[in-house]
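Colleague: If you want the building blocks of each chain, they are given just below.
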Amino acid sequence: MNHPPRIWLALLRLIVHHSEQQFVEGDLEETFHEIEASYGRRRAAQWYRSQVLRSIPGFLLRTSYWSREMTKNYLLLALRNIRKSLGFMTINVSGLAIGLACTIMIGLFTISELSFDTHHEKADRIARVARTSKFTEIESRAAVTPAPLGPMLAANFPEVEDYFRLWKRQNDLELRIEDVISQQSNVYDADASMLEILSVEAAGPWVDAPLSQPFHMMLSASTAERLFQTRDVVGRSVEVQGEAFVVDGVYSDFPSNSHFRPAALLSFATLIQQRPELVGHMGNNLFHTYLLLTPGTKMETVDAKFPGVIEAAAGPEVAARLGFYLQPLTDIHLHSRLDHELEVNGSVETLFILGMIALFILTLAAVNFINLSTARSARRAREVGVRKAVGAHRSQVVSQFLEETLVLSFLALVMSLLMVVVFAPLFSELAGRPLDLLMLMQPGVVAGLVGFVVVVGLAAGFYPALVLARFNPIQVLKSGTAGAGNSGSPLFRRGLVVFQFVVSIVLIIGTLVVNQQLEFLRSQPLGFDQDQMLVTRLRTPEMHQNGERLMEEYKRVSGVSAVTASGSLLGGGASTVLIMPEGVQQGVDGVSLAMMMVRPDFIDVMNVGTLAGRSFDPERQTDLDNAFVINGQAARRMGWSAEEAVGKEIIWPSGMDGSSPPVRQGEVIGVMEDFHFASLHTAVEPLIMVPAERAVTYIMTRVETSDVVATVRRLEAAWAQVYPEDAFESFFLDEHFDTLYQTEERSARLFSVFSILALTLAGLGLLGLASHSTSRRIREIGIRKVMGASSGSILGLLLKEFVGLVLVAFMVASPAAWFIMRGWLENFPLRVGADPAVFLTAGFLVAILTALTVGFHALRAAWSDPVEAIRCE
Amino acid sequence: MLTRAEELILLAVWRLQEEAYGASIRTHLSDVTGEDWPIATVYTPLDRLTRKGLLRSRMGSPTGGRGGRSRKLYQLTADGVRTLGHARNVTEAMWQDLPDLGMSWS
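Protein sequences, first through last, are from chains A and B.
One point on numbering: in the numbering used here, the residue at position 679 of the first sequence is 679, and numbering is uninterrupted.
One point on numbering: in the numbering used here, the residue at position 54 of the second sequence is 54, and numbering is uninterrupted.
Worth flagging that the hints you see were computed from the coordinates, not collected in a lab.
Hints should not be assumed to be uniformly reliable.
Per the computed footprint, the stretches of chain A lying under chain B, defined by three or more beta-carbons under 8 Å from a beta-carbon of chain B, are [claimed, not checked]:
#, segment
1, 16–23
2, 27–38
3, 53–59
Since this is a predicted model, take the numbers as computed values, not measurements.
Note that the Cβ used here is the ideal one computed from N, Cα and C, for glycine as well.
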């Protein structure tokens, strides 16, 4: 007998809901045969086709109706199931929610980091000019350029449509409005073209052509509101450092994802009028130059033109040492780490590590969710058996499971959003940047989250659904679990467990190594005595003039044991100079050394150890005029031992060619121990110290321990006598050193938080799996007990399975973790080595976690009444 | 109120009695109306009528000629018969004493 055409039958099956398939197909086939009998196969096939095609709309409508009805039923079932095993579901859902919350927060952070400066309309055409120079051995890259560069490029390069320059004024600039004085940071001198190039938005009235006149300024909306309590301030007057400026208008504050955020802008014309020598000279690298390129211009084409221009303007010798290149505006925040950045930029590396962590944790959470759902569903074999026996279609069983896991994963999403709202402030603090929760509302983010949750929900439901739907109902009903034990290959599930352990162990090792390194850095002897050292900074050159007097006042304060000063701050680095050691021909082979200007008694007051010779003697005029003190590294750099170096003659020339008289020339009188004058992120570099009367930028006062607070108050009084107009600001040197490691501390805290989360997730996953694996073996355990096995031996039996997995994970994780952490440690010249204790601790922690979670279930199984277990047959 | 399709289907079920199922109803309707009814347009009203309680359905035993598949058999309920009677009264009332328009219609 003939069948209806298969292709149309297949189409029919697609559109007809499975609950109706049987009789609809039957009806059509019956009529098909009748027609075939009277009119032949061709007519019958034709008729069949037209029936199917014309029924498509009707059946589709009906199918969706049936699905809706069934979905209602399944949702109800899903909710009942969730209620029935609330504890398990809570574990499962909260695990996924934790993972999602972490990822959402890291994701938001990443989005905001990537979005830096993209909000400017012409962002893709704006570039900053960076400068490379190689006048000493080390090539330096700086974000600052001379002021004439911008106009020169705009005039000579057709690709450059426009430019603007920025000059960042000092922090805490003094603003005065009538009688009110306030301090303001982030004040810039800027070309008027900046407003146009960066599409700066008005937040109040503007004059025509703002910022075009000298002594005109603009305020950001928040600054205007703070200073004037209004945004309508055109024409008002603000005194900046004693000079009157007219306000041209108010602009909207730059968003937080801008690489600089000016609080106020002064017209560049002011600078041209006020400091022509600063602006007119090609040698003053003080300005940030930004270019607007013509549409379609590639940055490389401009870069390629720089060498020729420099050579034409300054000759081949300069061209060999000096270079310029363009940085796309949108790359500055993440990719630029030059000298003299406007603000502290972000780092791609951190972003990458965070991204990896997010990926790990999310995978962990998703794997857990899938794993636990699978384990759970195996227990429901009987339910599935009953459903199938009363006629449930395979696809119905599948969709029931899918809907259940989808409900759970959406619950997890809701929960994770709540977590994000609660924990966002904490994360912001850890990450050092505020999180913009509103970004969660963006359609892309919403779609991504919902998509992910759907995929995880489907994956979690799909696997068990397929396995369970395949069950033979008779077998399942007879045994209650038959076949359930085979749900999922054990290898697959074990692989997942190992993966979780690996992630946990890597994160724990990471945490421990970061903390160890931090502790190591903190405990490093710095080579000088930083205790009880109060630092006051003389902020302006004007203040330096009274530095001597201030130090005298300080010395008279009771509770002060010593006062000294230096030109640069310990822990803050030093400037670099070129030095000609004895025996080296001038102009040929200088040695570049870090240089510190210090008061003659600095070395003694700071208790820096001596390797050879002596430190400066304030009583000897020759010491003050000619002598140098170097550190051990510097002696080595110049090819001497510490003892040889003493008495050697060195020259600090004023220029490269040696034509002008040297800045200083004289003997090395002492070699000091390598103390850490910069942060511990760098090895101690060769250093040369020069005594100078004017080295009073950082005044260091050693305070006696007995009553620090009172002494500092007395120092403040002494300061007020010398500088009645200026505020007293001070900090302790050891506190300053602590702040140098803020980044590391932040990483340490981030690592800790995430490894705790990973451990929690792994623990949750393990708990679920252990409960699954013990329940599968409940009868085996019962029989063993009846045969006389002790609780201990049963515990061992169940633990054995997981201990092996921990071991495998440990073998994989340890080298991986060490590989990753070695990369991180390479940032530090002083670093901890591989400490076996760290690895063992990590392995031990995971082993304990395993013992606790698995042991809990194993003991319960071991202590249970064997009769109960066996009777369930 | 019954739709026309519903009314016709109820009548078909009545006439076919024990043999009222998708295929026979569809064939009967197609024969009477002279149009080939798509099977979906039979099942949708059948369901609606069942939900309204005018029909009741049961699965028949598997039979040959249709690949061993069962039929879904339909039967009029008392409500169904009453509704049909009402529909007939309405139709007859509407036809009663219609004026002659001078156009032939039958």
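Colleague: Which earlier hints turn out false for this structure, listed by number in ascending order?
Modeller: Going through the list in order, the structure violates no hint and respects every one.
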